[in-house]
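**Q** Protein chains in written order, with this note's numbering: chain A, 312 to 743; chain B, 312 to 743.
Hint data in this document are derived by calculation from the structure and do not stem from the laboratory. Warning: the hint list may mix true and false statements.
A pair counts as met if it fits within one copy or between any two copies, since identical chains are not told apart.
[Claimed, not checked] Derived lysine-lysine pairs resembling DSSO-like cross-links, with alpha carbons at most 27 Å apart: (1) Lys-598 to Lys-528; (2) Lys-328 to Lys-738; (3) Lys-328 to Lys-732; (4) Lys-406 to Lys-649; (5) Lys-349 to Lys-490; (6) Lys-575 to Lys-528; (7) Lys-328 to Lys-728; (8) Lys-739 to Lys-328; (9) Lys-649 to Lys-470.
As a plain string of letters, each chain reads:
Protein chains: 2
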Amino acid sequence: MTNGVESNNMLRFYNGKVITMNGGTEAVENEVWTDGAKICYVGPKRDDMPHFKREIDLHGDVIMPGFKNAHTHSAMTFLRSFADDLPLARWLNEKVFPMEDKLTPDDVYIFTKLAILEYISSGITSSFDMYFHLDAYAAANIDCGFKTVICGALTRYDKRREDIEDHYLKYNALHPLIKYALGFHAEYTNDLDGLNYIAELSRKYSASVYSHNSETKSEVDECIARHNMTPTELFDSIGLFEHGGGGFHCTYMSDNDISIFARKGLWAVTNPASNLKLASGIAPVQKLLNAGVNMAIGTDGPASNNALDMFREMYLVTALQKYAENDAAACDADTVLKMATSGGAYAMGLSDCDIIAEGKQADMVVINMSRPNMQPVHDIAGNLVYSGSKENVRMTLVAGRILYENGNFYVGEDIEKIYEKANTALKKLLER
Amino acid sequence: MTNGVESNNMLRFYNGKVITMNGGTEAVENEVWTDGAKICYVGPKRDDMPHFKREIDLHGDVIMPGFKNAHTHSAMTFLRSFADDLPLARWLNEKVFPMEDKLTPDDVYIFTKLAILEYISSGITSSFDMYFHLDAYAAANIDCGFKTVICGALTRYDKRREDIEDHYLKYNALHPLIKYALGFHAEYTNDLDGLNYIAELSRKYSASVYSHNSETKSEVDECIARHNMTPTELFDSIGLFEHGGGGFHCTYMSDNDISIFARKGLWAVTNPASNLKLASGIAPVQKLLNAGVNMAIGTDGPASNNALDMFREMYLVTALQKYAENDAAACDADTVLKMATSGGAYAMGLSDCDIIAEGKQADMVVINMSRPNMQPVHDIAGNLVYSGSKENVRMTLVAGRILYENGNFYVGEDIEKIYEKANTALKKLLER
Chain A
312 MTNGVESNNM
322 LRFYNGKVIT
332 MNGGTEAVEN
342 EVWTDGAKIC
352 YVGPKRDDMP
362 HFKREIDLHG
372 DVIMPGFKNA
382 HTHSAMTFLR
392 SFADDLPLAR
402 WLNEKVFPME
412 DKLTPDDVYI
422 FTKLAILEYI
432 SSGITSSFDM
442 YFHLDAYAAA
452 NIDCGFKTVI
462 CGALTRYDKR
472 REDIEDHYLK
482 YNALHPLIKY
492 ALGFHAEYTN
502 DLDGLNYIAE
512 LSRKYSASVY
522 SHNSETKSEV
532 DECIARHNMT
542 PTELFDSIGL
552 FEHGGGGFHC
562 TYMSDNDISI
572 FARKGLWAVT
582 NPASNLKLAS
592 GIAPVQKLLN
602 AGVNMAIGTD
612 GPASNNALDM
622 FREMYLVTAL
632 QKYAENDAAA
642 CDADTVLKMA
652 TSGGAYAMGL
662 SDCDIIAEGK
672 QADMVVINMS
682 RPNMQPVHDI
692 AGNLVYSGSK
702 ENVRMTLVAG
712 RILYENGNFY
722 VGEDIEKIYE
732 KANTALKKLL
742 ER
Chain B
312 MTNGVESNNM
322 LRFYNGKVIT
332 MNGGTEAVEN
342 EVWTDGAKIC
352 YVGPKRDDMP
362 HFKREIDLHG
372 DVIMPGFKNA
382 HTHSAMTFLR
392 SFADDLPLAR
402 WLNEKVFPME
412 DKLTPDDVYI
422 FTKLAILEYI
432 SSGITSSFDM
442 YFHLDAYAAA
452 NIDCGFKTVI
462 CGALTRYDKR
472 REDIEDHYLK
482 YNALHPLIKY
492 ALGFHAEYTN
502 DLDGLNYIAE
512 LSRKYSASVY
522 SHNSETKSEV
532 DECIARHNMT
542 PTELFDSIGL
552 FEHGGGGFHC
562 TYMSDNDISI
572 FARKGLWAVT
582 NPASNLKLAS
592 GIAPVQKLLN
602 AGVNMAIGTD
612 GPASNNALDM
622 FREMYLVTAL
632 QKYAENDAAA
642 CDADTVLKMA
652 TSGGAYAMGL
662 SDCDIIAEGK
672 QADMVVINMS
682 RPNMQPVHDI
692 AGNLVYSGSK
702 ENVRMTLVAG
712 RILYENGNFY
722 VGEDIEKIYE
732 KANTALKKLL
742 ER
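Pulled out of the complex, with its shape left as it was, chain A reads as follows (with noise of 0.2 Å):
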């Protein structure tokens, strides 16, 4: 940090609580600063002051690391409430596949827009995506300020599969917002020579592999049926998880499958609305957790959420394991909290937003305790995660910016301009 030394870009937070995330959960009274896109103090009030661009009176209210919304597909905005209470052959084959296939660039950069204004209003500071046209969906990341890593989503239907790698050395190069993880999109799209690609990659960077995996039990069924493996026994033996990686989804894990992934150190992402909504089922959160599987969250697609709000799957990860376990006991609001925040930044492999601590990214949020859902408070974690909503999101900062404070939007475009555009957009695609 700038000791002393004056800046243009330092922020400080006062006269609140800081949940780190370093460890437990408990709220700290002590102050947070920001140097630029870096967290460079916390501790209690010092003599010293630098100083501040802007200091900020929390009144009471907690800061905590963003969420970070560890599986979704953010350009299918589109798609929300256009064909619900589908089944789900018929929602992919007549309503998605079509109107995905007419997607512009163009479409995809608006419609990433307005994912990442959601993203924001939940407190969530990073999205691991898996789509394409690629330069359009960074450009809309970084024209609004928003962090993401994509994730390579490559199937046997594409052209050119090297890509993969030019997009991996390409996006991984082009702005300290934007990441780009190894990745192809599941095993029902895939043949055998796109995985060994993939694993040839992952062995020529020590890159980490992500893909869907084990989302519904006739994916699985049909994997066995193919290779005589599931599909996470077979991605290990092709090698594909020789440096980390996961999968999203893990609906339908076998007791190998979770060694697999407890062995290998692999992190489960798990997407609790979107199974739902499909109907795909109810993931074993708390027996991955009991092995000791990595475990992040993610909202999956507005397609199939429909929303992208981190407090309605924090929510349903916890109740759902309640109900399924048949146990009230089931995984807490602690372990919860540490999977939407510190676990989803290491599956995103972004390590440095994990926490709340000196020389971490400024990816946090402002929580606002005087909303009636926080109160009383006995324990604020339990109230984040099973009362929480999105309007007790009073600010998100990514990289040290200010992208939404008080209902109010700062990505560098009007609001209402990001909705116009997208329902043109919208209007044009249905006529085409």
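Position chain B relative to chain A; hints supplied.
**A** For chain B alone, coordinates are given in the frame of chain A:
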């Protein structure tokens, strides 16, 4: 209405869309005028405009009937996040009951006010509440301007069962915002004498009867062991349903139970968040709907939910049915929206709070469409149910009075005072 006549109590809502909930869920470009507690006009702009106290430009937002919270224990806000992640028996016996024993009327008053703040922040305009210290409870509602139906809660531990009749007469005559419905706590907390007494009152006053019903599997099993009948069969055999009514939770319903509910026109009030969190189960909502059973939605008390958030409940109602029925087409958005609004009104006997129409009570909510989770606009009902959240509540009116607007509360007392009093009362409770 006061056609052309000046009035100091008229509000005009214009430049938006109205979902009347009269039949479907379409949003129509119309105006809504209120006069005092009632809606006095719904239709296009007119030439003969009266003098309005205030004209509210909706800026394209949606006005619709308020949500009805058809089962709750409002004052239990004091137990929010007090004892999460505990098995049901320990939660009740070690945490809930000992604390409830110490509650004073003043405690119930302030903790109820805290719940009302959360209701109106979620667009809820009335509650169907079961608790004790009823004078204090009623006063909190009246003082805030909130509407409630108190449900009788007879148990075999009550000193004087005739209180139920006294309360029925007293609270139905007390204030326009207060009603009282006959009820008892549950089968397992009553003996047959008590149930027969309630049935007698039901006949005497031609009054409907409500209770907790089949919330858990063990409750049903134990009732069958005691009476060789399910709770629903027992209640029906005693004549408790001769004048309508229904049950809260209805998680474990046999085919015969469902048939009794359908034949008698009873209301099943589902409480999905509470049922998950306490590991009770998933109610057979789609089966109940298929059988033609009337349905409404409740949050249950904040000790077992822990939020009082109708958006979360609506999402859970449909998402859990899609999961449980293994059918993504189950329980569509229109059906859920009806349950949460007009369904709740009928269940609570508030037949003049069901829809937006001339002469109906002005219990309404304005939905902010300028939030990213409401865009794009394919289907407003879908957006409300699948991605709606408290952030979308721009305004809540009860009986024509604006209690909540743009995040601010108008309940006759400063919210920070309410929080302070609630936390002080809680501290004293913990010390007693």
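**Q** Next step is simple, just say for each hint if it's right about the structure.
**A** Hints, one by one, checked against the model:
1. Lys-598 to Lys-528: both (17 Å within a copy, 24 Å between copies)
2. Lys-328 to Lys-738: between (46 Å within a copy, 20 Å between copies)
3. Lys-328 to Lys-732: between (39 Å within a copy, 21 Å between copies)
4. Lys-406 to Lys-649: Only across copies: Lys-406 and Lys-649 sit 26 Å apart there, 36 Å inside one copy, limit 27 Å.
5. Lys-349 to Lys-490: This pair counts as within: shortest intra-copy Cα distance 18 Å, inter-copy 56 Å.
6. Lys-575 to Lys-528: Answer is within: at 23 Å inside a copy they meet the 27 Å cutoff, but 40 Å across does not.
7. Lys-328 to Lys-728: Between copies only: 21 Å across chains, 36 Å inside a chain, cut-off 27 Å.
8. Lys-739 to Lys-328: between (48 Å within a copy, 24 Å between copies)
9. Lys-649 to Lys-470: Neither. Shortest intra-copy (40 Å) and inter-copy (48 Å) distances fail the 27 Å Cα cut-off.
In terms of the numbered hints stated before, the structure departs from hint 9 and from no other.
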